Amino acid sequence: MKHIISLLMENEAGALSRVAGLFSARGYNIESLTVAPTEDATLSRMTIVTSGSDEVIEQIVKQLNKLVDVVKMLDLNDGRFIERELMLVKVKATGAYREEMKRMADVFRGRIIDVADGSYTVELTGSGAKLDAFLEALDNSAIMETVRTGASGIGRGDRILKV
Amino acid sequence: MESTGSTTGAISGAEIVIRCLHEEKVKFVFGYPGGAVLHIYDALFKQNKFKHILVRHEQAAVHAADAYARATGDVGVALVTSGPGATNAVTGIATAYMDSIPIVVISGQVPSYAIGEDAFQEVDMVGITRPCVKHNFLVKDVKDIASTIKKAFYIAASGRPGPVVVDIPKDITAHLANFEYPNSVEMRSYNPVAKGHSGQIKKALKLLLEAKRPMIYSGGGTVLGDASAHLIKLAHKLGYPVTNTLMGLGGFPATDKQFVGMLGMHGTYEANMAMQDCDVLLAVGARFDDRVIGNPTHFLSQKRTIIHIDVDPSSISKRVKVDVPIVGQVQSVLGEMNELLDAETKKPDAAALKAWWATIDGWRGKDSLAYDRSSSIIKPQFVIEKLYEVTKGNAYVTSDVGQHQMWAAQYYKFDKPRRWINSGGLGTMGVGLPYAMGCQLADPKAQVACVTGEGSIQMNIQELSTCKQFHLPIKVIMLNNRYLGMVRQWQEFFYENRYAESYMDSLPDFVKLAESYGHVGMQITKPGDVESALKEAFAMKDRFVFMDFITDQKENVFPMVPNGKGISEMIMGDDPKSKTAERPELA
Ligand SMILES: Cc1ncc(C[n+]2csc(CCOP(=O)(O)OP(=O)(O)O)c2C)c(N)n1
Numbered sequence: 001m002k003h004i005i006s007l008l009m010e011n012e013a014g015a016l017s018r019v020a021g022l023f024s025a026r027g028y029n030i031e032s033l034t035v036a037p038t039e040d041a042t043l044s045r046m047t048i049v050t051s052g053s054d055e056v057i058e059q060i061v062k063q064l065n066k067l068v069d070v071v072k073m074l075d076l077n078d079g080r081f082i083e084r085e086l087m088l089v090k091v092k093a094t095g096a097y098r099e100e101m102k103r104m105a106d107v108f109r110g111r112i113i114d115v116a117d118g119s120y121t122v123e124l125t126g127s128g129a130k131l132d133a134f135l136e137a138l139d140n141s142a143i144m145e146t147v148r149t150g151a152s153g154i155g156r157g158d159r160i161l162k163v
Numbered sequence: 164m165e166s167t168g169s170t171t172g173a174i175s176g177a178e179i180v181i182r183c184l185h186e187e188k189v190k191f192v193f194g195y196p197g198g199a200v201l202h203i204y205d206a207l208f209k210q211n212k213f214k215h216i217l218v219r220h221e222q223a224a225v226h227a228a229d230a231y232a233r234a235t236g237d238v239g240v241a242l243v244t245s246g247p248g249a250t251n252a253v254t255g256i257a258t259a260y261m262d263s264i265p266i267v268v269i270s271g272q273v274p275s276y277a278i279g280e281d282a283f284q285e286v287d288m289v290g291i292t293r294p295c296v297k298h299n300f301l302v303k304d305v306k307d308i309a310s311t312i313k314k315a316f317y318i319a320a321s322g323r324p325g326p327v328v329v330d331i332p333k334d335i336t337a338h339l340a341n342f343e344y345p346n347s348v349e350m351r352s353y354n355p356v357a358k359g360h361s362g363q364i365k366k367a368l369k370l371l372l373e374a375k376r377p378m379i380y381s382g383g384g385t386v387l388g389d390a391s392a393h394l395i396k397l398a399h400k401l402g403y404p405v406t407n408t409l410m411g412l413g414g415f416p417a418t419d420k421q422f423v424g425m426l427g428m429h430g431t432y433e434a435n436m437a438m439q440d441c442d443v444l445l446a447v448g449a450r451f452d453d454r455v456i457g458n459p460t461h462f463l464s465q466k467r468t469i470i471h472i473d474v475d476p477s478s479i480s481k482r483v484k485v486d487v488p489i490v491g492q493v494q495s496v497l498g499e500m501n502e503l504l505d506a507e508t509k510k511p512d513a514a515a516l517k518a519w520w521a522t523i524d525g526w527r528g529k530d531s532l533a534y535d536r537s538s539s540i541i542k543p544q545f546v547i548e549k550l551y552e553v554t555k556g557n558a559y560v561t562s563d564v565g566q567h568q569m570w571a572a573q574y575y576k577f578d579k580p581r582r583w584i585n586s587g588g589l590g591t592m593g594v595g596l597p598y599a600m601g602c603q604l605a606d607p608k609a610q611v612a613c614v615t616g617e618g619s620i621q622m623n624i625q626e627l628s629t630c631k632q633f634h635l636p637i638k639v640i641m642l643n644n645r646y647l648g649m650v651r652q653w654q655e656f657f658y659e660n661r662y663a664e665s666y667m668d669s670l671p672d673f674v675k676l677a678e679s680y681g682h683v684g685m686q687i688t689k690p691g692d693v694e695s696a697l698k699e700a701f702a703m704k705d706r707f708v709f710m711d712f713i714t715d716q717k718e719n720v721f722p723m724v725p726n727g728k729g730i731s732e733m734i735m736g737d738d739p740k741s742k743t744a745e746r747p748e749l750a
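Chains as they are written, first to last, in this note's numbering: chain A, 1 to 163; chain B, 164 to 750.
Hints are not guaranteed to be accurate.
[To be verified] BS3-like cross-link-like pairs, simulated, lysine-lysine; straight-line CA separation at most 30 Å:
1. Lys188/B <-> Lys130/A
2. Lys162/A <-> Lys313/B
3. Lys90/A <-> Lys72/A
4. Lys306/B <-> Lys358/B
5. Lys369/B <-> Lys466/B
6. Lys72/A <-> Lys484/B
7. Lys66/A <-> Lys517/B
8. Lys313/B <-> Lys72/A
9. Lys2/A <-> Lys484/B
10. Lys66/A <-> Lys188/B
11. Lys62/A <-> Lys358/B
12. Lys517/B <-> Lys72/A
13. Lys631/B <-> Lys162/A
14. Lys188/B <-> Lys102/A
[What the hints assert, rightly or not] With beta-carbon atoms standing in for the labels, derived distance ranges:
15. Gly52/A <-> Ser464/B: 31 to 41 Å
16. Glu31/A <-> Asp530/B: 47 to 57 Å
17. Gly362/B <-> Ile160/A: 24 to 34 Å
18. Ser53/A <-> Gln686/B: 53 to 63 Å
19. Asn354/B <-> Gly27/A: 38 to 48 Å
20. Ser464/B <-> Ser53/A: 11 to 21 Å
21. Ala20/A <-> Pro459/B: 58 to 68 Å
Honestly, the hints are just simulated from the structure, not real lab data.
What you are looking at is a predicted structure, and each value in this text was computed from that prediction instead of being measured.
Positions of the beta carbon are idealized from the N, C-alpha and C atoms, including for glycine.
Whenever a hint applies, use it, and build me the whole structure from the sequences.
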């Protein structure tokens, strides 16, 4: 099953490679990994999207906790949470596509943020599943380029990951 | 932070490094100089609080520091230069990592302004060692040296111990700063557990007391966690059988009647059968690894309740799902268990226990460690038995990796923890001699025996020179079968006797070799001479003696659980398949 793990790490050089190295060394899946500093400059927040059996996820959580630089972590799937990802898609906008692409962007609440002669760039935010759905809805040959940020996640209500 | 040691005037980074080691009460630093650590060596030259042991290869420096830690429980320290010095240290670091040994390795680095420019002798030490350290640091400011080294020692020794690397660029060791050594370490990201969960401990004890076929399985964690006395007390009160892993030998005394021998790939028949057939298993500081329980599916085909005590939560339910996990220091958890047991009125089920012991004694009757004692060629097992007798079981025994290691583990009866020093996790050939150096320095008056093979010893043979320089009266017990014996054994079992590159050709004359290094060399060829030669060697209390025992080339280690099989699926020494007669003549 897919899990989204959030963690707070000391904002030290090499912190990212410790996490990435752990996943590759132990053969864990990693779908996406995002990292950025927080309002507290000494901490980085990381969101890792991974998948595996319950046993594997349990090991991933334990192994991440074992990293000396990891301050706190949360498996978002243990409770209610919100997931958001940003995607930019450059699509063909010639002929019939010009109208269709605009309509598709509207349906998915995307925004066209760049217009050129033969193409649009659509910005779309949502869960990973929503972004996948958008790509599936498009005619494959219309897609020129996609770029995704990877998921960020946060617990709902008073589920807070903070030091 | 409060501090103990401090200076009023500024001193160099190199001097700070030395002062930190003084504050940590380090007695030995194992190392090898080079460009990036010359400032540190210059500062080291001006002090005499600790002794520097100049090895002949950085790998040996780390192994010796590792053995010092294994023998004493204190953090071992190694010092190496950048680039090749650092990479030479990596095998030692990985070896310590796999066995959870607390060491601090200080490596020199090219000057900070040159990092990333492919400077002479530059290597990304923090990157290279990341997967085989508990933690590592690159020091970027002279003001951070003291706090980093303080953290390094703390991290290495606490929780589940392990190696920590501190990489220090050369210019940082020249910069000046005031020295202030922190008294204590506060890390919001690192808080190892101490006590176990009391509810879980109660639950565990209840299950233990209800057991019909109980078993205690103790590993390296019992030795490293200094929990041997607690384990003995618990086992004696319960009267249950105990097995030790290869790393756990000495944690529970081998001569105790409740000891059923080592378990695992080359464990005794009774230990492996009891492990498979028990109904309640108490695992203490052990990790159910592949060499211990064999195939996990086969292991789990038998239903049993498992209680697992370990300081590292990630060791629990990694290979085998357990029923009662207890995360905590083994010493503290066993202590609490003993207190509960003292107050407990319920007793173990005496009738069930009697029947269980009768079953175990039946397995014992198979005498799985029997070997041909009337042989006219020296049997390797015989040498270890005699070594045990001559040293009265009191020696530190280090070993290399191979058949000789397994025989040492099977036939030397370790009654005390921290006496059996070997590379269990990584299985590093070449550790034996540097391990013996670390032990001899830790305990100068003790008898130290390095059990090795003619293959392994050559992987760090240069250390004969270090042993001469520091007058280390180690006794090398080389079981010379002219083969990479363990490799040959696998080739016999799984590759139809195709001995691909397992013959050790062009061996040196080890007696002359030892002599040329200034040591005593002996060659022993007859079983009748084994005991007298050992006595003679150990009587030379101040000499290093290299003993070349010419042993049976064909002997194999039994019992053996083939790779991927279940632990009760052992090949025994008296199986037809193991008969030497059916094998081709050896070279
Ligand atoms: C550094 C290293 N290289 C290779 C191996 C694989 N290996 C395991 S046992 C062994 C043979 C050891 O031979 P020897 O030291 O003569 O001991 P014996 O098995 O004959 O007692 C080898 C090559 C290893 N464990 N370590």
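Consistency of the hints with the structure:
Restraint check for Lys188/B and Lys130/A: the C-alpha separation of about 60 Å exceeds 30 Å, so the hint is violated. Taking the CA atoms of Lys162/A and Lys313/B, the gap is about 27 Å. The hint holds against a cut of 30 Å. Of the supplied pair hints, the one linking Lys90/A and Lys72/A is violated, its CA atoms being roughly 38 Å apart against a limit of 30 Å. Simply put, Lys306/B and Lys358/B have alpha-carbon atoms about 35 Å apart, too far for the 30 Å limit, and the pair is violated.
Restraint check for Lys369/B and Lys466/B: satisfied, since their Cα atoms lie roughly 18 Å apart, inside the 30 Å limit. Our distance criterion of 30 Å between C-alpha atoms is met by Lys72/A and Lys484/B, whose separation comes to about 25 Å. A C-alpha spacing of about 43 Å is found between Lys66/A and Lys517/B, which places the hinted pair above 30 Å, so the restraint is violated. The straight-line distance between the Cα atoms of Lys313/B and Lys72/A is roughly 23 Å, inside the 30 Å bound, and the hint therefore holds.
For the given pair, Lys2/A sits about 22 Å from Lys484/B by alpha-carbon distance, which is consistent with the 30 Å threshold. Pair hint Lys66/A plus Lys188/B holds up; C-alpha atoms about 28 Å apart against a cutoff of 30 Å. For the proposed pair Lys62/A and Lys358/B, the alpha carbon gap of about 18 Å is at most 30 Å, so the pair holds. Annotation: proposed proximity of Lys517/B to Lys72/A is violated, straight-line Cα distance about 49 Å (limit 30 Å).
Restraint check: the Cα-Cα separation between Lys631/B and Lys162/A comes to about 57 Å, which exceeds 30 Å; the hinted pair is violated. For the hint linking Lys188/B to Lys102/A, the alpha-carbon distance of about 72 Å lies beyond 30 Å, and the restraint is violated. Separated by about 24 Å at the C-beta atoms, Gly52/A and Ser464/B break the suggested range of 31 to 41 Å. The given range of 47 to 57 Å is respected by Glu31/A and Asp530/B, whose C-beta atoms sit roughly 55 Å from each other.
Restraint check, Gly362/B to Ile160/A: a C-beta distance of roughly 28 Å satisfies the suggested window 24 to 34 Å. The supplied range of 53 to 63 Å is met by Ser53/A and Gln686/B, whose beta-carbon atoms lie about 57 Å from each other. Under the hint 38 to 48 Å, the C-beta atoms of Asn354/B and Gly27/A, about 28 Å apart, miss the expected range. The hint said 11 to 21 Å for the Cβ distance between Ser464/B and Ser53/A, and at roughly 20 Å that hint holds.
One distance hint, 58 to 68 Å for the beta-carbon pair Ala20/A and Pro459/B, is violated here, with the actual separation near 28 Å.
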